[in-house]
Structures are given as structure tokens and as C-alpha cells.
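In the order they appear, the protein sequences are chains A and B.
Once you know that position 140 of the first sequence is 140 in the numbering used here, the rest is easy, because the numbers rise by one and skip nothing.
Once you know that position 473 of the second sequence is 473 in the numbering used here, the rest is easy, because the numbers rise by one and skip nothing.
Keep in mind the hints are simulated off the structure, nothing from the lab.
One should not assume that every hint holds.
In silico SDA-like cross-links for lysine to any residue, where the CA-CA straight-line distance does not exceed 25 Å [what the hints assert, rightly or not]:
{"no.": "1", "chain 1": "B", "residue 1": "223", "chain 2": "B", "residue 2": "25"}
{"no.": "2", "chain 1": "B", "residue 1": "305", "chain 2": "B", "residue 2": "356"}
{"no.": "3", "chain 1": "A", "residue 1": "147", "chain 2": "B", "residue 2": "202"}
{"no.": "4", "chain 1": "A", "residue 1": "162", "chain 2": "B", "residue 2": "426"}
{"no.": "5", "chain 1": "B", "residue 1": "330", "chain 2": "A", "residue 2": "143"}
{"no.": "6", "chain 1": "A", "residue 1": "192", "chain 2": "B", "residue 2": "399"}
{"no.": "7", "chain 1": "B", "residue 1": "291", "chain 2": "B", "residue 2": "265"}
{"no.": "8", "chain 1": "A", "residue 1": "206", "chain 2": "B", "residue 2": "111"}
{"no.": "9", "chain 1": "B", "residue 1": "331", "chain 2": "A", "residue 2": "139"}
{"no.": "10", "chain 1": "B", "residue 1": "282", "chain 2": "A", "residue 2": "148"}
{"no.": "11", "chain 1": "B", "residue 1": "364", "chain 2": "A", "residue 2": "187"}
{"no.": "12", "chain 1": "B", "residue 1": "330", "chain 2": "A", "residue 2": "186"}
{"no.": "13", "chain 1": "A", "residue 1": "147", "chain 2": "B", "residue 2": "5"}
{"no.": "14", "chain 1": "B", "residue 1": "291", "chain 2": "A", "residue 2": "76"}
{"no.": "15", "chain 1": "B", "residue 1": "53", "chain 2": "A", "residue 2": "152"}
{"no.": "16", "chain 1": "B", "residue 1": "356", "chain 2": "A", "residue 2": "186"}
{"no.": "17", "chain 1": "B", "residue 1": "291", "chain 2": "B", "residue 2": "74"}
{"no.": "18", "chain 1": "A", "residue 1": "172", "chain 2": "B", "residue 2": "53"}
{"no.": "19", "chain 1": "A", "residue 1": "204", "chain 2": "B", "residue 2": "400"}
{"no.": "20", "chain 1": "B", "residue 1": "202", "chain 2": "B", "residue 2": "315"}
{"no.": "21", "chain 1": "B", "residue 1": "5", "chain 2": "B", "residue 2": "53"}
{"no.": "22", "chain 1": "A", "residue 1": "147", "chain 2": "B", "residue 2": "397"}
{"no.": "23", "chain 1": "B", "residue 1": "245", "chain 2": "B", "residue 2": "268"}
Sample of chain B residues facing chain A (criterion: CB under 7 Å; computed from the structure) [unchecked claim]:
{"no.": "24", "residue": "31"}
{"no.": "25", "residue": "51"}
{"no.": "26", "residue": "79"}
{"no.": "27", "residue": "126"}
{"no.": "28", "residue": "131"}
{"no.": "29", "residue": "133"}
{"no.": "30", "residue": "135"}
{"no.": "31", "residue": "329"}
{"no.": "32", "residue": "345"}
{"no.": "33", "residue": "393"}
{"no.": "34", "residue": "397"}
{"no.": "35", "residue": "399"}
{"no.": "36", "residue": "438"}
{"no.": "37", "residue": "440"}
{"no.": "38", "residue": "441"}
Ideal placement from N, C-alpha and C gives every residue a C-beta, glycine not left out.
Residues per chain are reported as follows:
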Amino acid sequence: MTLHFRSLNELAAVCYFIISFVLICISAQNFMYLIPCFVICIFYSVFLECFKTALFCLPTVALLILLNPLFNHTGSTPLFYVNDDPYTLEALMLGVRSGITALTLILWFQIASKLLNSNRVFHLLSRILPTTALMLSMIYKSTHDLKRRSEEVSSCRKSFIKEQKGVMKSIKLLSAELLAVSQNALEGSVIKGISMRGRGFECKGKTSVYKMKLKRDDGIVFCTAGAMLFTYLLTGKTASVISLCILLLLPALFQLKEELKWHYLKSKI
Amino acid sequence: MALFKIENLSFKYEGEKDYALRDVSFEINKGETLAVIGRSGSGKSTLLRLLKKSVSPKGELFGKVLFSSDDISKTGFIFQNPFDQSVCETVYDEICFAPQNLGMRPEYIRRRAAETCEFFGISDIVTRKMSELSGGGVQLVNLAAVSVLSPEVIILDEPYAQLDPISCDKLTSALKKLKDELGTSIIISSHSLENILPLIDKVLVLEDGRVSDLGHTDEVFLKLLKEKKPLCLAAGPLIPLCRDKLIKTVKQAREYIQNNGVRYSPIKPFKASGGDTVISAKNVYFRYDKKADDVLKSVSLEVKKGRVMGIVGANGSGKTTLMKVLAGLKKPYAGKVKSFENAVYLPQDARLAFIKDSVLNDIKFMCEMSGIDIEEIDKTFHRYPIFKNIDRLFYKHPYDLSGGELQLAALFKALVCGKKVIFLDEPAKGFDPYAKADFINLINEVKQSAAVVVSSHDIELITEICDDISMLFCGEIISREAACEFVFNNRFFTTSLARASRGICEGLALCSQLGGLK
């Protein structure tokens, strides 16, 4: 399925995610704001099939919720006592709030990674800091390379040397393996460096093939996000919650608009 | 007019005593193709890199490199390993990388990039990530990425070494288009010029950094053939057919055989008496992911002691996976793999078999970790005559070894740790003709005490070393027969000589049968 939000200008998309991230952080103070954020995030993660990562985080979040009252004893409603220290309802609720906030943020980052094209973020940066952007993009690319190389080194090593039982032996083996992977990667990077020099990387006056073109849709996202931010900050509780929901649902609304538009256009074919 | 002129070029690497190149002189005209051949370590890569200033190695240079234009965009350079030289994440970014660096206008870059993509037929992959492409795909993009600047000359250092035959064909077609349609000069170094031979105008032979021969393609190769130098096999396995005329294509070979006949020795017969089974696989099914397709389907086979088994098949047919499953590195989800002996798997890049900074340190480390007596190194050294010179590699870094030396060291390591089944994945990629001959001897000796399984695209080599060959197609073994039967029963998956002699003379498939080089 085509995710239409990915087609937006990178500047508009990055601004949107920064604004929404800031608002989620502010919303963590109150359940009334936090719960809608959490529900919307779950809706997105199911829709974008990135819920599995959140499931892996659940045990940590649960631990955070249960452990918080053991260290934080503030509150006036003790549920029971552990070593004469009260395990209070308020502290438990604080733990729940922190847990949900953490989970919401993790999910929101997952959603951002699905809806933002990493390449286009680098393009945005390349207009301001071309060398830094290229370096970041190369680091990003090299993580995949490293994974592939380490898998190959590891499977080859297993052919010759089986897994070791003692801790010291395991550490020795692992460090040798890590060294081999980095050695292999460095060897490749020398060629990469020469190849870059050969293609004029050291020349001055670089240009960028990507143009900053803002379209109408980018303007709509910009304006809506800005309007929702002001409504959230300047109005009462109910209006703030509604504006927060609209802001977070913006990618879904945009998707819906594009789908409807496509259905209409398709009917003309 | 000469595009490149090299006069008395000598070069010495920084900190080295010996010269890598001595008194090299040649020139190349516009639109010409020059092939540089020679043994591994003869100075081919050094010479090629000295032709482009921005990729030149550091060291002392004497003599002159004259180029009609000093502009960085006028010479393109392509390295051996396709993945190491790509910089950007997507194909489009990779193509736009050089023009952006040179400060060209965005509109101009977009037009040139679009034109280049269409010219090389890569428009459909332009938005894809470089990491998703095969080695051949990446090498084609690398060629497009240097061609986007409209260079007058493209220098390619062993561009075919890491590619499968289909990717080799694609790269050759692209080079042919560049030469024929744009008049681009090409300077190429390769151990196997079979694909590109019709495009080559001149050949330069390097021997220990000196020019031993330079001239027209036909003259140089026929001279090498007359001198019985294995280096002539760089022109392909058809060359020993005729001593007076260079045979470049299967069609020419067929015509020659038809008109003149050919004398050859019979192919080695198949030895039916096999040894004990060391690995057996029954109805094996394998896939990398639950949602993915099966890579291996109902595979059943036996690996026998004292025999060399070959596995052939197209790219993606499951050769590497099958070897990993048989070696016990991957577990099938259905079927059984029974192993009666210890197995070792050596990947395509044999450097990965070494995790220490020298060959000896690595073998000692393996002995220490696996509880093997260190004296086993000495015993193995004396047990196999083929390893008589391996001690000169002991103190070298594995990354400094040539392809042939690496295979030798890796096989030595496997035999030290007492492995009785050795899996070799594409071992001969990038071998020069000398290394190939040594490798055949090496396998013949190793098979006396171990079972060997080899996967390769090089049918000539695999027929030479294997007793029987299995062919994989879409994850299934569709045929398994003796090597001599395999080459004659197949129409496409066979050697160039077998294709040329089909229907004219029976039983000719291998270059070694012609005996011209012995």
C-alpha cells in the first residue's frame, strides 16, 4: 500500500514530526491528553504493521510500572506495605503514566521511521551541510553492510571454531571476531575513499540535485500543524485535546484524502 | 591522436624497496580498447591507478603520464569489488554523486542522470537501494555513475572478478555500447577476457612490473600461445584450438573445427567406485523466513569421501544455501541432514575465514580455541606436498594474499583442524590462469583425504576438478551425473569447447584435452 505521507516535502514532514513529538512530551503530564495519544499510536502501529517492536518493550514498561512505587513512596492511598514502606496508588499511577508515555514515544518513533523516508531527511540536511549529510547517510548505509559482514564472519568462524564454554574464551573469541569484522569494513572503506576522490569528492562548490519544492499539500500540512499547535497551547482543555488528536491523526487524514482522490480519479478512467 | 601517452613510467610504493612498475611505455588512441594482462601481483592495478591522478597510490613516480585533458571528469575508474566503491544509498544518488561534486547545475545533472539511466537500461531500478542489488547490478550502476560525466576513457580494474556470467554479459554489453556509440576508450585489466575479447584492440602484458609484450590482440595472444604460456588462457579456453589465428567466439571455433578438424586426448573417465558417505541429506526443505519462499525444495544427496562434488546453477538457485545447510550452518525446517564427519564452509570471500592478523596467528588461535595440538600444523605441512611453500604465507596478513594464495591458506587451515568435508563456495573467482592450474592440483591432492564440494559458475574448472556435478534449479536438484557426462548432456550449461564441437567431434569439452600448453 502506498503511504502518501511519504510523498510530502521532507521539510514539511520533519517539521510535523518535531511538533507532534514536542506535544506528546508535554501531554505526558495528564492522562486526559496521554490516553488519546496512546490510542492513536496503537491505531497507527497496527495499520503500519510495526506493533511487534512495542510488544517487545511491554515487559520493560510493565516492570517500570510495578517498580516505581517501590522507590517512590509519595501518595496518600497506601495499597500495602513492603518493609514498612507504603506501596501507594498514586506512585503506581505515576508509574503507569511514565510507562504509557515511554511506550507512546517508542511507537511514535516507529511510526515516524515508517512515514519518513530516511533518504529524504538526508537530502534536507544535504542542502545545509552537504558533507555531514553524506557522512550520516554513509554511516546509515554501513550499518547494513556491517550486519552482513558480521553474519558471514560469524558463520565462517563457526565452521572452524565451535562456541566456547568458558567466559574468558568466549570473550576472546568474540573480540577476535569483532576485530575481523571491523578490519574487513575498514579495508572496504579505503577503496570507497579512493573511489570518492576519483569522482571529485574533494572538489569545491558542490551542488544538490534535489530542489526544495513546496507543494500545496505541504502547505496544508504546515498550516494545519501550526494551527493545531496554537490551539493546543492557547485554548481550554477540551479544545486542546481535540487539536492534539487532529494533529496526530493528520497522516491518516492525509492518507484518507489521497485515497478518496484516487477513487474519484479512477472512476474517470 | 594519442589520448594517453605513458613514457618510461617507473613506480615505487612508499616505504617499499622494490619497484612495482619499471620502464612502462605505451599509448592509447581515442576510441581504442586496451587490455592489461599479467599474473596476480604483476603491477596491473598499480599501472591502472596511476593513469588517473585522483586515485593514484602514494609513492615515487618516474617518467611521464600524458593525458590530452587533465579534467577529473574525463577519466572514469571502476574497481574490482562492486560494493566497496558505491557511496550513496540509492541508485539515483549514486549516479548524481560525481556531477554534484563537480558543481554542475541541478537541471543539467537531472537530464544527464536520466539519459545515462536510459542508456544503460537501469531506469527501472533507479529508486532502489544499492544494498538491494546484486554484485552485477551494482557494478553496472558504478559504470553508469562514472559514465554520467561523459569521460573520454574508462579504466576498469578486474571488473568481472566478483561477477556471475549473466552479470558479466550485461557489463560487456554496456561497455560495447560505450565504445561503439560514444567512442569511449576503455582500459581494462582482467584474468578472463573471454567475454570482451571482440572489443579489444591492443593487449599489454605485464611481468613483474615490466612490459613483456605490447601489440595487437591477435599478435600478443598467438605469441603467448606459441611460447606455451598459460597467460594466453586469459583470451578464453578456445585459444589452444588454432596456432595461426586467434579464435574469439564459439562460432569461429565451430567453423575452424569443421574445416580443419582437431586433435585431442580423451576426457578423464568417471570413477564409479565411491567412498563412504560422509554427509547425507534427505528431502531437505529450507527457507530464510517464515513468509519467504522455499530456497531448497526436497533436496536429497550424498557427499562421499575421496570424491569432489560440483554444484552448478544460476544465481539465486540456492547453491550457497545448500552448502551452508550441508555444512550444518543452517538448519532445514523439514528433512534430515546426517553428518558423519566434521565439515567446514569457505565463503566466496575467503578472507573471511581468517580472523587474526597473520595466517599463522590465525591457525594457532584456532588450535588454541579448539584444543588441537599445535604440532598438527607441522604435521599437515609435511603430509601434503602441495603445501611445501605455504610457510612463505604464514607471516603475511590474510588481506595481502592473492586469490590463489588465500584458497591455499584456507584449505591448509581446514586440514589442520581435521575437517574431512570441505565446502568451497565460488573459490576460483578472480584467479589468474596460473592460480587456476595450481588450484586444480591442490584439489586433486586434498581429495585424497577429504570430501570436497565446490560450487562455481566456471564450468570448465568444475568439470576439470569434479567427479560428479549436481545442477540446482529453483532450489531443486534436477540432475546429478558424472562430470564428463554433464558437459556433453547439457546444451547451455557446458564449456565453450563442448558447445563448439557439438555434433562435429565427440568427447571434446576441456581446454586441457587440446594439450597445447603442456
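(request) Run the structure past the numbered hints and jot down the numbers of the failing ones, going up. (result) The structure conflicts with hints 2, 3, 7, 9, 10, 12, 13, 14, 15, 17, 18, 19, 20, 23, 24, 25, 27, 29, 30, 33, 34, 36, 37, 38, although it agrees with all the remaining ones.
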